Amino acid sequence: MVEDSVIISARNVDFYYGDFQALKNINIDILRDEVTAMIGPSGCGKSTFLKLLNRMNDFVPGARLSGEIFIGGESIYAPEADPVVIRRRVGMVFQRPNPFAKSIYDNICYGPRLVGVKKPKELDELTEKALRAAALWEEVKDKLGKSALELSGGQQQRVCIARALALEPDILLMDEPTSALDPIATAKVEEWIKDSGLSIVIVTHNMQQAARISDKTAYFFLGELIEFGPTKELFTRPKEVKTENYITGRFG
Amino acid sequence: MKDAPEKTPPLDSPGIIRLQPKLSRAERGVKFFFLLCAVSALGSMFLIMIFLFMEAGGLFFSGDEGAGVGLKEFFLSLDWYPTYPDPSFGSLALVLGSLSVTLVSILLATPFGIGLAIYLSSVAGPRVREWLKPAVELLASIPSVILGFVGMVAVAPFMQNVLNLPTGLNVLNASLFLAIMATPTIASLGDDALSAVSQAVTDGSYALGATRWETISRVILPASLSGLSTAVILGLGRALGETIVVLMVAGGAAQAPHSLFDPVRPLTSTLAAEMGETAIGSRHYHALFALGAVLFVLTLAFNLLAFYLARRWREKS
Ligand SMILES: Nc1ncnc2c1ncn2[C@@H]1O[C@H](COP(=O)(O)OP(=O)(O)OP(=O)(O)O)[C@@H](O)[C@H]1O
Ligand SMILES: [Mg+2]
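Residue numbers (the numbering used here), protein chains in the order written: chain B, 1 to 252; chain S, 1001 to 1317.
Read the hints as simulated data drawn from the structure, not as lab findings.
All values reported here derive from a predicted model rather than from experimental measurement.
Every residue gets a Cβ at the ideal spot worked out from N, C-alpha and C, and that includes glycine.
A few of these clues could be false.
What the hints assert, rightly or not - Derived coverage of chain B by chain S (criterion: at least 3 residues anywhere in the stretch with Cβ under 8 Å from a Cβ of chain S; other residues may be distant):
| id | stretch |
| --- | --- |
| 1 | 55 to 68 |
| 2 | 161 to 168 |
| 3 | 176 to 185 |
Stated by the list, open to error - What follows is a list of derived Cβ distance ranges for each label pair:
| id | chain 1 | residue 1 | chain 2 | residue 2 | range |
| --- | --- | --- | --- | --- | --- |
| 4 | S | ARG1028 | B | ALA187 | 30 to 36 Å |
| 5 | S | LEU1078 | B | SER147 | 57 to 63 Å |
| 6 | S | GLU1130 | B | GLU191 | 31 to 37 Å |
| 7 | B | GLY72 | S | LEU1260 | 58 to 64 Å |
| 8 | S | TYR1308 | B | SER75 | 52 to 58 Å |
| 9 | S | LEU1023 | B | GLU150 | 41 to 47 Å |
| 10 | S | TYR1308 | B | VAL117 | 53 to 59 Å |
| 11 | S | TYR1308 | B | LYS121 | 51 to 57 Å |
| 12 | B | SER147 | S | LEU1023 | 53 to 59 Å |
| 13 | B | SER5 | S | GLY1115 | 46 to 52 Å |
| 14 | S | GLY1115 | B | PRO183 | 28 to 34 Å |
| 15 | B | SER75 | S | LEU1260 | 56 to 62 Å |
| 16 | S | ARG1212 | B | ASP19 | 25 to 31 Å |
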């Protein structure tokens, strides 16, 4: 059944920062185990939409929402939904690497410790697993006690990925995860995204990147979802003129 | 690479032009004026210090009043009887007096100050913060003589009656008011330290499913620990140097305190109370300068500690 493979779905989502409408009637179905890229000009609402998916917009004063967002079939803005639980299932990696001023080990264990994992053996195993998954294990296995802030930017970003993976989330949200990284570090993170097998939603300004790593692409413009479809089609045969203008650089 | 130094001509060789902004006459005048300000400020501080230590030294050398006071007596004796026919000049009771009220006041002020700092930086909304932070800082501007007055006429009799004490002017009363004075310092500087933890990092914590309290206790507090200790130590310095409040409510007895309810005589109030009554050049006069020097060294030590912690904090972040 098609329905089963939908992991995120948004229905008639309008979103406001105070009086300013940042998202207009968004409807989208994102499939399980796919990489979904979000592109669009600056200020079009990509980050806003992404942060709705793990309720990080709850912290913005004056934020309002109408419509519904389902993750795994559950409405995440229903009154009984617990944002803390949602954020454990929906991990997030930010634009700039933001590791805690703690050791690499403590960074990875942060999430698991919050949910009550205490046994050293369990934490050790989970750290290795998460760091391997983020393709960082070989580089840091001998210095897990070192401060994460002493790593390079690319390594820090992978610590942040591993930190999110340690909670074994269903979904990983990434907001321009490589925009602060050099090409080599970017390549490593991209490689990881392609091979991870996770459901990933990634915001990017880099259209080549979207083309390289994503299965589906969504094009946002001024708070609207203009077009959403398989990446190859969207980049070779866009249905909308606005999309075509954007991807061919005739935008603005 | 080895012969590189030889290729670099010496900086003062002919043909080397030193680049610098060209200053007009007026600009040079202004520059000179500010240099003068800086030099005179530093110079006068330095002169005061020299004066302080020279006058303090007079205590330890023999003079008109006989042999000098021994270092051992000055630092280790509890007896401060400067006006007796057979005077003694032990500073220990006064130092203990200062340290006791300072430490107790910090024990009282730290939880309040840090708590307030946490509230300001991480709990209060922008609207509450907008008026609360200036209000807290305003608390620091209450003249200390007013606090001392309240301690004297309101808190002291109350304490004396309720706890059935010989006097309500004691360590606890003084510490209470010193704590009131140190709290705004700690809260304001502590808030700065906590607010310096970047939003990006706290977002990272929330995004991993941490609650607000988990984020404060596991991320924000550890990351700002040295900033917070700086705040506490500067608050401590404020309490240590405070004069009027302790003069009014600490009780004034030069003795080593054994409980919170003993009256004490801190260094500052001793200086303020006795300096006007001594003959210039007398032994007592020199002894007061020696107390001043001790106070100066203690304060300096606290400030250096704060400076050191603040620098370590900056290096880490
Ligand atoms: N906290 C906020 N308060 C008010 N308006 C906001 C806030 N955050 C974003 N906006 C506005 O909402 C719109 C969408 O912002 P958003 O950050 O989602 O854009 P974006 O597509 O991620 O842009 P970029 O590519 O530059 O990151 C912008 O017009 C922005 O000014
Ligand atoms: Mg953005």
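We went through each hint and held it up to the structure:
1. Using a Cβ-Cβ cut-off of 8 Å, 3 residues of the stretch 55 to 68 of chain B lie near chain S, which meets the minimum of three, so the contact claim holds.
2. Check result for the stretch 161 to 168 of chain B against chain S: holds, 3 residues qualifying (beta carbon to beta carbon below 8 Å, three or more required).
3. Here's how the stretch 176 to 185 of chain B fares: 0 of its residues keep a CB closer than 8 Å to some CB of chain S, so the rule of at least three is not met and the hint is violated.
4. In this structure the supplied range 30 to 36 Å is violated for ARG1028 (chain S) paired with ALA187 (chain B), their Cβ-Cβ distance being about 56 Å.
5. Between LEU1078 (chain S) and SER147 (chain B) the beta carbons are some 48 Å apart, a value that contradicts the proposed interval 57 to 63 Å.
6. Between GLU1130 (chain S) and GLU191 (chain B) the beta carbon distance is about 47 Å. The supplied range of 31 to 37 Å is therefore violated.
7. Distance hint check for GLY72 (chain B) and LEU1260 (chain S): the Cβ-Cβ separation is about 60 Å, which falls inside the suggested range of 58 to 64 Å.
8. For the pair TYR1308 (chain S) and SER75 (chain B), the beta carbons lie near 54 Å from each other, so the given range of 52 to 58 Å is met.
9. Between LEU1023 (chain S) and GLU150 (chain B) the CB atoms are about 44 Å apart, so this pair conforms to the stated range of 41 to 47 Å.
10. A C-beta distance of roughly 37 Å is found between TYR1308 (chain S) and VAL117 (chain B), which places it outside the suggested range of 53 to 59 Å.
11. Restraint check, TYR1308 (chain S) to LYS121 (chain B): a C-beta distance of roughly 39 Å breaks the suggested window 51 to 57 Å.
12. Distance hint check for SER147 (chain B) and LEU1023 (chain S): the Cβ-Cβ separation is about 46 Å, which falls outside the suggested range of 53 to 59 Å.
13. The hinted range of 46 to 52 Å is satisfied by SER5 (chain B) and GLY1115 (chain S), whose Cβ atoms lie roughly 50 Å apart.
14. Checked against the hint of 28 to 34 Å, the C-beta distance between GLY1115 (chain S) and PRO183 (chain B) comes to roughly 48 Å, which is inconsistent with it.
15. As the Cβ distance of SER75 (chain B) to LEU1260 (chain S) is approximately 58 Å, the hint placing it in 56 to 62 Å holds.
16. Checked against the given bound of 25 to 31 Å, the beta carbons of ARG1212 (chain S) and ASP19 (chain B), roughly 27 Å apart, stay inside it.
Checked against the numbered hints above, the structure violates hints 3, 4, 5, 6, 10, 11, 12 and 14; every other hint is satisfied.
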